Amino acid sequence: MLSIKTIKTVLAILLISVVNVSVRAQQGEAKLPDTPAGKVFGEFIKAFNTGDSATLRKFHKDHGGDENNAEQDLDAFKQTGPLKFHSVKSSNDFEIEVLVQAKNDGQWLNFYISIDDKSPYPINNIRVQQASAPGQ
Numbered sequence: 736m737l738s739i740k741t742i743k744t745v746l747a748i749l750l751i752s753v754v755n756v757s758v759r760a761q762q763g764e765a766k767l768p769d770t771p772a773g774k775v776f777g778e779f780i781k782a783f784n785t786g787d788s789a790t791l792r793k794f795h796k797d798h799g800g801d802e803n804n805a806e807q808d809l810d811a812f813k814q815t816g817p818l819k820f821h822s823v824k825s826s827n828d829f830e831i832e833v834l835v836q837a838k839n840d841g842q843w844l845n846f847y848i849s850i851d852d853k854s855p856y857p858i859n860n861i862r863v864q865q866a867s868a869p870g871q
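Counting in the working numbering, the final residue of the sequence shown is number 871, and the numbers go up one at a time with none missing.
Bear in mind the hints are in silico, worked out from the structure with no lab data behind them.
Since the model is a prediction, treat every value here as computed from it, not as a measurement.
Among these hints, one or two may not hold up.
Heads up, simulated SDA-like pairs for lysine to any residue below, C-alpha to C-alpha not over 25 Å straight-line [claimed, not checked]: (1) K766 with H795; (2) K766 with S849; (3) K813 with K853; (4) K796 with T815; (5) K781 with E832; (6) K774 with Q807; (7) K781 with K853; (8) K838 with N784; (9) K824 with S788; (10) K766 with F829; (11) K774 with P869; (12) K774 with A811; (13) K813 with N827; (14) K819 with Q871; (15) K774 with N827.
With these hints in hand, go ahead and build the complete structure from the sequences.
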């Protein structure tokens, strides 16, 4: 039979292990969901962060969108610089809202994209709004 002291020690070790696993999971890199919306957003942000007109035009063309949207993207890029993905706020197969941070001024932004429900998943709507920093 185990003594009370041994049981308390084992419980303390288990509690510390659970806390360590939880903290490591929270510190892990946020990932986009494996959905059409998550994939399109990932491709968009990769193209956006190049700041390159040809890359953005190709993205829009590949997704059945208007290639001229690349010019609007470039105007936004000039203001924000590259965007750093932080976390997913909400998502489903065809919509995603994420929290990103602009490199140029450190501003936090909610970035929402909705896409068509058929491949090549053209973007139906993009909405960007100022946001509070995480934890505020």
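Each hint, compared with the structure:
no.	hint	in the structure
1	K766 with H795	23 Å, holds
2	K766 with S849	18 Å, holds
3	K813 with K853	31 Å, violated
4	K796 with T815	23 Å, holds
5	K781 with E832	16 Å, holds
6	K774 with Q807	21 Å, holds
7	K781 with K853	22 Å, holds
8	K838 with N784	10 Å, holds
9	K824 with S788	29 Å, violated
10	K766 with F829	17 Å, holds
11	K774 with P869	23 Å, holds
12	K774 with A811	21 Å, holds
13	K813 with N827	30 Å, violated
14	K819 with Q871	18 Å, holds
15	K774 with N827	12 Å, holds
Checked against the numbered hints above, the structure breaks hints 3, 9 and 13 and satisfies the rest.
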